[in-house]
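J.: As a plain string of letters, each chain reads:
Protein chains: 6
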Amino acid sequence: MLFVTRRAVFSAAHRLYNPELTDEENEAIFDKCNSYNGHGHNYVLEVVVAGEVNPKTGYVIDLKKLKKIIRENVIKKVDHKHLNLDVDFLKGIIPSAENIAIGIWNQLIDKIDEGKLFSVKLYETENNYVEYRGDK
Amino acid sequence: MLFVTRRAVFSAAHRLYNPELTDEENEAIFDKCNSYNGHGHNYVLEVVVAGEVNPKTGYVIDLKKLKKIIRENVIKKVDHKHLNLDVDFLKGIIPSAENIAIGIWNQLIDKIDEGKLFSVKLYETENNYVEYRGDK
Amino acid sequence: MLFVTRRAVFSAAHRLYNPELTDEENEAIFDKCNSYNGHGHNYVLEVVVAGEVNPKTGYVIDLKKLKKIIRENVIKKVDHKHLNLDVDFLKGIIPSAENIAIGIWNQLIDKIDEGKLFSVKLYETENNYVEYRGDK
Amino acid sequence: MLFVTRRAVFSAAHRLYNPELTDEENEAIFDKCNSYNGHGHNYVLEVVVAGEVNPKTGYVIDLKKLKKIIRENVIKKVDHKHLNLDVDFLKGIIPSAENIAIGIWNQLIDKIDEGKLFSVKLYETENNYVEYRGDK
Amino acid sequence: MLFVTRRAVFSAAHRLYNPELTDEENEAIFDKCNSYNGHGHNYVLEVVVAGEVNPKTGYVIDLKKLKKIIRENVIKKVDHKHLNLDVDFLKGIIPSAENIAIGIWNQLIDKIDEGKLFSVKLYETENNYVEYRGDK
Amino acid sequence: MLFVTRRAVFSAAHRLYNPELTDEENEAIFDKCNSYNGHGHNYVLEVVVAGEVNPKTGYVIDLKKLKKIIRENVIKKVDHKHLNLDVDFLKGIIPSAENIAIGIWNQLIDKIDEGKLFSVKLYETENNYVEYRGDK
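Residue numbers (my numbering), protein chains in the order written: chain A, 200 to 335; chain B, 200 to 335; chain C, 200 to 335; chain D, 200 to 335; chain E, 200 to 335; chain F, 200 to 335.
None of these hints come from the bench; they were simulated from the model.
Hints should not be assumed to be uniformly reliable.
Computed from the model, here is a short list of chain E residues facing chain B with C-beta under 8 Å [as the list claims (entries may be wrong)]:
hint	residue
1	Met200
2	Val203
3	Thr204
4	Arg205
5	Tyr258
6	Leu262
7	Lys263
Examples of chain D residues lying across from chain A (beta carbon under 8 Å, computed) [as the list claims (entries may be wrong)]:
hint	residue
8	Leu215
9	Asn217
10	Asn298
Calculated pairs, DSS-like style, for lysine-lysine (alpha carbon to alpha carbon, straight line, at most 25 Å) [claimed, not checked]:
hint	chain 1	residue 1	chain 2	residue 2
11	B	Lys264	B	Lys310
12	C	Lys264	B	Lys276
13	B	Lys264	F	Lys231
14	F	Lys266	D	Lys264
15	A	Lys267	B	Lys231
16	B	Lys275	C	Lys267
17	B	Lys266	C	Lys263
18	E	Lys275	D	Lys231
19	F	Lys267	D	Lys263
20	E	Lys266	A	Lys264
21	F	Lys310	E	Lys231
22	C	Lys275	B	Lys267
23	B	Lys264	B	Lys275
24	C	Lys266	B	Lys264
25	A	Lys276	B	Lys231
26	E	Lys231	D	Lys264
27	C	Lys266	C	Lys276
28	A	Lys255	D	Lys231
29	F	Lys266	C	Lys231
30	A	Lys266	D	Lys231
31	D	Lys231	E	Lys263
32	F	Lys276	D	Lys266
33	D	Lys264	F	Lys267
34	A	Lys310	D	Lys231
35	C	Lys264	B	Lys267
36	C	Lys275	B	Lys263
37	F	Lys263	D	Lys276
38	C	Lys263	B	Lys263
39	A	Lys267	E	Lys267
40	E	Lys315	E	Lys275
Glycine is no exception: its CB is placed at the ideal position from the N, C-alpha and C atoms.
Start from the sequences, fold in the hints, and give me the full structure.
T.: Next up, the structure:
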């Protein structure tokens, strides 16, 4: 079994906020991340595909193709955007790194047609990252 | 001559927009960076102080002190903030990396009392950074 | 299943030395790492917690809380210390990266109360790192 | 269970090309990577060994020994070489990152005598890497 | 004075070889870098432009424009190429990092029309880089 | 003018302590860095040599030679050592990053015979580094 990883970067704003909670509760839970006008990050995304090597190409999946799939289905929708306001697949979701990673997984799961989506890693800062491997 | 550098990181949102221009001009100049709801970055700041070594301490400037100066005068004001809306020292200024670096220089120039502020470097993404060395 | 990682850094001295072996044996096994007065590293620690997303917060575990748990139970005890001499949880143990990682795991295992401690990674240099996932 | 990783770097040229395909097919599949005179990379290799801690040393495997095994069996054969032309263990193989990782695994699998080879990771660029964990 | 830096990456093969020297002399001087079939690197290029901030844009130079200038005049000519054989502006030149940096400077010097080209930095490996600031 | 940089890494222990001060003064000035049994770092050293390109080689200075000069005159003396106790050229000096950089400069200044030593940069942690350019 081989795992192939493609990295991409996007810059986005977000605000952590649960509309079902009071302002005080939001402040208590999300602290600085609840700042009213939002803040932002350079998110680093790693998409891992697992599979066998195709003997014709030496590839599990052509990384040029994977790059394009990631660009069309994720980067174009989140790069230089506000994750709470501008992104259809995150509407109504608290845009924590965890929820963004799950959202990205769902964007990609049906688009990978060589190998199989194995993992989505998302670095929010140099000190924080999350990994989602699907819900099976 | 010795140069001592302290690095700090902050996460902020911004939007590039010149209110004296039309929407079309802003769009043409700032493109993705003009996205209406803003986007964001993990900014990496490097503050360089030049000076002589103090023989009592072996330091040009005590980096614990420099860290505190940077935190009080810069990081507290910009971290987890929206640079267009929340930051007094950037009010009315297009928050390009260049202008943020100049703003940070102005916040720090009178606070460094050992050695002399030499340079402010600001990384906006892994591909873009600016350096300001004052206007002399 | 989601994996959430928090990174922290500490600077410490150590000496690799097994008191049950002769000086010659220690020298033969540990070589440079056996240098009598010790040497040191900037250790990079990554703590991985696995769990489900809490729908109220979007978090597996609040990273501010995880940061505090790591600081109180690990960083305060090892940062700017000599690992052979100053650290209670490493007393009598050869402070190899492997053993430090196991020691850190044991410091944290009972303190994580959201999600479950999954892995402790410890980078000793840019070329060497270890990962411990518990003994089950 | 502990995982110990040793990192090494090598600089090599290669060309992606399948001799059983026409020039047009090669061009269509491999694009820039099919450039006639080859191109190159600084490959970053990570070799992961899994095992128990030896109580005498605190090591899963002595990293000085692992470093030497990697140097003798891999680095000496690929560093500053052309992977299509100069490397015996890649003869007749399309030198994609996937196939190089498998080739390196096969070079190492019988040489690791403390712990067990667990994984070979190979970074081709800062955006692409593969991992091979054997074929069991 | 402000300095604005744009980073770009390219992957290329090269061979260090002076045709005016004997094989023995080439071997003695260039050692591994003289390997007959060439080797390669992921080169990291940083282009530094110095200038004043344009008050209309907040930019010294629009980095989207600088990115395009670098892509058209440098990256397209060297990425996935063999520097000895495929690159017009390096014909007849020993492609050491020094000479590549000078060649890139000459490609860019007349194309930068906002601010002034200040420096070209070229990282050949993580341990080696050069900087050229023109010949004045 | 060209600047050529070679990077090297060493792991060492140190303690910041001025024997002419009282324990209380040392504690007040050096804080954590004054910890009695010492602590340590993975120091990253960058040595910058300035000069003209030698047309015979394409080099300012052969980096293999520079690497050897750095290894013989610096790395062998400081790697896996205690900087207060084991290093002749730091005897009687407070081993702050500043003073170590000056010490390294003095070790190298007479050994560089192609080009001219321009700068010694020393990274103590990912957040702190110093640069020394000699005392002219």
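J.: All the hints need checking, so say for each whether the structure fits it.
T.: Taking the hints in turn, this is what the structure says about them:
1. With its C-beta approaching chain B no nearer than about 6 Å, Met200 of chain E sits inside the 8 Å limit, and its interface hint holds.
2. The restraint placing Val203 of chain E at the interface with chain B holds, with a minimum CB-CB distance near 5 Å, inside the 8 Å limit.
3. Taking 8 Å as the C-beta cut-off, the interface hint given for Thr204 of chain E holds, the closest approach to chain B being about 5 Å.
4. Hint status for Arg205 of chain E relative to chain B: holds, with the closest Cβ pair at about 6 Å, below 8 Å.
5. For Tyr258 of chain E, the interface hint holds, since its Cβ comes within 8 Å of a Cβ in chain B; the closest pair sits about 6 Å apart.
6. Because the beta carbon of Leu262 of chain E sits about 6 Å from the nearest beta carbon in chain B, less than 8 Å, this interface hint is met.
7. Because the smallest distance between the Cβ of Lys263 of chain E and any Cβ of chain B comes to about 6 Å, under 8 Å, the interface hint for this residue holds.
8. Interface hint at Leu215 of chain D: satisfied, since its Cβ lies 7 Å from the closest Cβ of chain A, which is below the 8 Å cut-off.
9. Among the interface hints, the one on Asn217 of chain D holds; its C-beta lies about 6 Å from the nearest C-beta in chain A, closer than the 8 Å criterion.
10. The restraint placing Asn298 of chain D at the interface with chain A holds, with a minimum CB-CB distance near 5 Å, inside the 8 Å limit.
11. Taken as a hint, the Lys264 of chain B and Lys310 of chain B pair is honoured in the structure, with Cα atoms around 11 Å apart against an allowance of 25 Å.
12. Restraint check for Lys264 of chain C and Lys276 of chain B: the C-alpha separation of about 23 Å stays at or below 25 Å, so the hint holds.
13. Among the hinted pairs, Lys264 of chain B with Lys231 of chain F is consistent with the structure: their alpha-carbon atoms are about 13 Å apart, no more than 25 Å.
14. For the proposed pair Lys266 of chain F and Lys264 of chain D, the alpha carbon gap of about 23 Å is at most 25 Å, so the pair holds.
15. Of the supplied pair hints, the one linking Lys267 of chain A and Lys231 of chain B holds, its CA atoms being roughly 19 Å apart against a limit of 25 Å.
16. Distance hint between Lys275 of chain B and Lys267 of chain C is fulfilled; the C-alpha atoms sit about 19 Å from each other, no more than 25 Å.
17. Annotation: proposed proximity of Lys266 of chain B to Lys263 of chain C holds, straight-line Cα distance about 21 Å (limit 25 Å).
18. Taken as a hint, the Lys275 of chain E and Lys231 of chain D pair is honoured in the structure, with Cα atoms around 11 Å apart against an allowance of 25 Å.
19. With a C-alpha separation of about 21 Å, the suggested pair Lys267 of chain F and Lys263 of chain D falls inside the 25 Å cut-off, and the hint holds.
20. Note on Lys266 of chain E and Lys264 of chain A: the hinted pairing holds, with a Cα-Cα distance of about 23 Å set against a maximum of 25 Å.
21. This hinted pair checks out: Lys310 of chain F and Lys231 of chain E have alpha carbons roughly 24 Å apart, not beyond 25 Å.
22. Of the pairs offered as hints, the one joining Lys275 of chain C and Lys267 of chain B holds, with about 19 Å between alpha carbons and a cut-off of 25 Å not exceeded.
23. Taking the CA atoms of Lys264 of chain B and Lys275 of chain B, the gap is about 15 Å. The hint holds against a cut of 25 Å.
24. With a C-alpha separation of about 23 Å, the suggested pair Lys266 of chain C and Lys264 of chain B falls inside the 25 Å cut-off, and the hint holds.
25. A hinted pair counts as satisfied when its Cα atoms are at most 25 Å apart, and Lys276 of chain A with Lys231 of chain B qualifies at roughly 12 Å.
26. Between Lys231 of chain E and Lys264 of chain D the CA atoms are separated by roughly 24 Å; this keeps the pair inside 25 Å, and the hint holds.
27. Taking the CA atoms of Lys266 of chain C and Lys276 of chain C, the gap is about 14 Å. The hint holds against a cut of 25 Å.
28. Restraint check for Lys255 of chain A and Lys231 of chain D: the C-alpha separation of about 17 Å stays at or below 25 Å, so the hint holds.
29. For the hint pairing Lys266 of chain F with Lys231 of chain C, the CA-to-CA distance comes to about 20 Å; that is within 25 Å, so the pair holds.
30. Simply put, Lys266 of chain A and Lys231 of chain D have alpha-carbon atoms about 15 Å apart, close enough for the 25 Å limit, and the pair holds.
31. With a CA separation close to 23 Å, the supplied pair Lys231 of chain D and Lys263 of chain E stays within the 25 Å bound.
32. At most 25 Å may separate the alpha-carbon atoms for a hinted pair to count; Lys276 of chain F and Lys266 of chain D meet this at roughly 22 Å.
33. Of the supplied pair hints, the one linking Lys264 of chain D and Lys267 of chain F holds, its CA atoms being roughly 23 Å apart against a limit of 25 Å.
34. Distance check on the hinted pair: Lys310 of chain A and Lys231 of chain D sit about 24 Å apart at the alpha-carbon level, within 25 Å; holds.
35. Under the criterion of a C-alpha separation no larger than 25 Å, the hint pairing Lys264 of chain C with Lys267 of chain B is consistent with the structure, at around 23 Å.
36. About 17 Å separates the Cα atoms of Lys275 of chain C and Lys263 of chain B, which keeps this hinted pair within 25 Å; it holds.
37. Taken as a hint, the Lys263 of chain F and Lys276 of chain D pair is honoured in the structure, with Cα atoms around 20 Å apart against an allowance of 25 Å.
38. Pair hint Lys263 of chain C plus Lys263 of chain B holds up; C-alpha atoms about 23 Å apart against a cutoff of 25 Å.
39. For the suggested pair Lys267 of chain A and Lys267 of chain E, the alpha carbons sit about 20 Å apart, so the restraint of at most 25 Å is met.
40. With a C-alpha separation of about 22 Å, the suggested pair Lys315 of chain E and Lys275 of chain E falls inside the 25 Å cut-off, and the hint holds.
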